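*Asks:* Once you've looked at the hints, go ahead and assemble the two chains, each given alone in its own frame, into the complex.
Protein chains in written order, with our numbering: chain P, 17 to 128; chain R, 4 to 115.
Any given hint could be a false lead.
Straight line, CA to CA, 25 Å or less: simulated DMTMM-like cross-link-like pairs of lysine to aspartate or glutamate [to be verified]: (1) R:43 with P:21; (2) R:43 with P:100; (3) R:44 with P:100; (4) R:39 with P:55; (5) R:44 with P:55; (6) P:123 with R:88; (7) P:19 with R:59; (8) P:87 with R:47; (9) R:44 with P:21; (10) R:44 with P:25; (11) P:123 with R:47; (12) R:39 with P:21; (13) P:123 with R:87; (14) R:25 with P:55; (15) R:43 with P:55; (16) P:73 with P:31; (17) P:19 with R:27; (18) P:75 with P:31; (19) R:43 with P:25; (20) R:39 with P:31; (21) P:127 with P:25; (22) P:33 with P:68.
Examples of chain R residues toward chain P, derived with CB under 7 Å [claimed, not checked]: (23) 93; (24) 103; (25) 108; (26) 109.
Hints are computed from structural coordinates only; laboratory data are not their basis.
As the structure is a prediction and not an experimental result, all values here were calculated from the model.
Glycine included, every Cβ here is placed at the ideal spot set by N, Cα and C.
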Amino acid sequence: SQKIEQNSEALNIQEGKTATLTCNYTNYSPAYLQWYRQDPGRGPVFLLLIRENEKEKRKERLKVTFDTTLKQSLFHITASQPADSATYLCALPGGSNYQLIWGAGTKLIIKP
Amino acid sequence: ETGVTQTPRHLVMGMTNKKSLKCEQHLGHNAMYWYKQSAKKPLELMFVYNFKEQTENNSVPSRFSPECPNSSHLFLHLHTLQPEDSALYLCASSQVGPYVYTFGSGTRLTVV
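For reference, chain R alone in the conformation it holds in the complex (with noise of 0.2 Å):
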C-alpha cells in the first residue's frame, strides 16, 4: 500500500453505464490529482484540485466529472464513455512544493 487507495482495481463497463471511480488518501496531502495513462504514452493530467477546490480541468471531455468532498477522498465520475477511453486511471497526491506525488495503483478501465 503506498497510502493511496483506488477502487475498482479493474472496470468493465459498457458506453451507456454510470460508474464512479474512488481514490483515497490519508498522508495529509493537500493536493490531489486524476491521470490517464494509455499505453505508450506520457501521463495525461486530467484535473487537479488544491484544498478541495478544482485549480486545473485539462480539456477533459465532460463525459469525465470530478468531485472533490474533502482532501482525503476524490472521486472520477463516468458516463458515456467511448472505447478510446479505456486506460489505466491513476490518482495520486502531493504536498505542497517540492511536488512529490504519491500514486494509488490505478483503475484499468475498459469500455465496451
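Next up, chain P with everything else stripped away, as it sits in the complex (with noise of 0.2 Å):
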C-alpha cells in the first residue's frame, strides 16, 4: 500500500542555520508533491508544491527537492527563525479521486 514517512522525532536547530526535514514514500509515483505548515491547535498551510519533472523549488528562505528514483523529498528552511517552528507535513495525490495522502508530520524546533 501507499505509505508515506517523515521523521517522527522532533527537529530542534538553532537560530540561523539551515533546517533539513525528510518525507519518503513507498509504492507509489507521484505527479507531485505538497508541503504544509502547522502550527499547534490549528489546519495546514500550504507552503509549496513541486511537480515530478522539477528537481527543486524555491521560495523565500524555502526550497524543496524531489527525487523521484529515490522517492524522497527534502524540505530546506534556510537562516531559520524562531518563528519558523511548526509541525512540517508532506502530501501527495493518491487514493480516489486524487485526494492527498498525508505524512504524520515533523515537528520543528528552532531555539534562540
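*Replies:* This is the structure:
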C-alpha cells in the first residue's frame, strides 16, 4: 500500500542554521508533492508544490527538492528563525479521486 | 483568515448530545473535505464532496453525518459520540488538479 514517512521525532535547530526535513514515500509515483506548515491547534497552511519534472523549487527562505528515483523530498529552511517552529507535513496525490495522502509531520523547533 | 471558516472553534459535548460543525468557503473551490486529526497521528480523511456530491466515505461511523447543501457550505452532524472521538476536526477545500488544499482553523472537539 502507499506509504509516506516523515521523521516522527522533533527536529531541534539553532536559530540561523538551515533546517532540513525529509519525506519518503513507497509504492507510489506521484505527479507532484506538497509541503504544508501546521501550527498547534490550527489547520495546515500550503507552502510549496513541486512537480515530478522539477528537481528543485524555492520560495524566499524555503527550498524543496524532489528525487523520484530515491522517492524522497527534502524541505529546507535557510536562516531559520524561532517563528519557523511548527509541524511540517508532506502530502502526495493518491487514493480515489486523487485526494491528498498525508505524512504524520515533523515538528521543527528553532532555538534562539 | 484563510478563506475557509469553521465554527465553532471549540466544542465540549456529552455522549448523548447532538451538535453540528459548520464549514464555509468562498474561494470558488468545488471540492470540500472533512478530516480528523488526533495527537501525533496523520490527518484522517473522513468525507469528500465534489460539486456537492459525496464521493468518499472513509469507513466513518454513522454517528458522524455529513451534509453539503451547496458547494460553499459543509456540515458535520454529530450524535452519540464516544470519548475517543475527541480530536481536532478540520475542513478543507480545493480546486481540481493539482489539489492544493485550503484548511479552516479547525474545531477542537472534546467528548465527555
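*Asks:* Decide if the proposed pair is consistent with the structure: residue 39 of chain R and residue 21 of chain P, CA atoms, cutoff 25 Å inclusive.
*Replies:* Answer holds: residue 39 of chain R to residue 21 of chain P is near 19 Å, not above 25 Å.
*Asks:* Between the alpha carbons of residue 43 of chain R and residue 55 of chain P, is the straight-line distance 25 Å or under?
*Replies:* holds, 13 Å
*Asks:* Would the pair residue 75 of chain P and residue 31 of chain P pass a check requiring their Cα atoms to be no farther apart than 25 Å?
*Replies:* holds, 19 Å
*Asks:* Is the Cα-Cα distance between residue 19 of chain P and residue 59 of chain R 25 Å or less?
*Replies:* holds, 20 Å
*Asks:* Are residue 39 of chain R and residue 31 of chain P close enough, with their CA atoms no more than 25 Å apart?
*Replies:* Violated, because 33 Å separates the two Cα atoms, which is more than 25 Å.
*Asks:* Next item in the hint list is residue 93 of chain R. Is there a CB on chain P closer than 7 Å to its CB?
*Replies:* holds, 5 Å
*Asks:* When you check the alpha-carbon spacing of residue 43 of chain R and residue 21 of chain P, does it fall within 25 Å?
*Replies:* With a Cα-Cα distance of about 13 Å, the restraint between residue 43 of chain R and residue 21 of chain P holds, given a limit of 25 Å.
*Asks:* Given the hinted pair residue 73 of chain P and residue 31 of chain P, is their alpha-carbon gap at most 25 Å?
*Replies:* Between residue 73 of chain P and residue 31 of chain P the Cα gap is close to 23 Å, so the pair holds against 25 Å.
*Asks:* Would the stated hint for residue 109 of chain R survive a check requiring a Cβ distance to chain P of less than 7 Å?
*Replies:* With Cβ-Cβ at 5 Å, under 7 Å, it holds.
*Asks:* Regarding the pair residue 44 of chain R and residue 100 of chain P, is the alpha-carbon distance no greater than 25 Å?
*Replies:* With Cα atoms ~21 Å apart, residue 44 of chain R and residue 100 of chain P stay inside 25 Å; holds.
*Asks:* Is residue 33 of chain P within 25 Å of residue 68 of chain P, Cα to Cα?
*Replies:* Violated, because 28 Å separates the two Cα atoms, which is more than 25 Å.
*Asks:* Any CB of chain P closer than 7 Å to the CB of residue 103 of chain R?
*Replies:* holds, 5 Å
Going through the hint list in order, the structure does not satisfy hints 17, 20 and 22.
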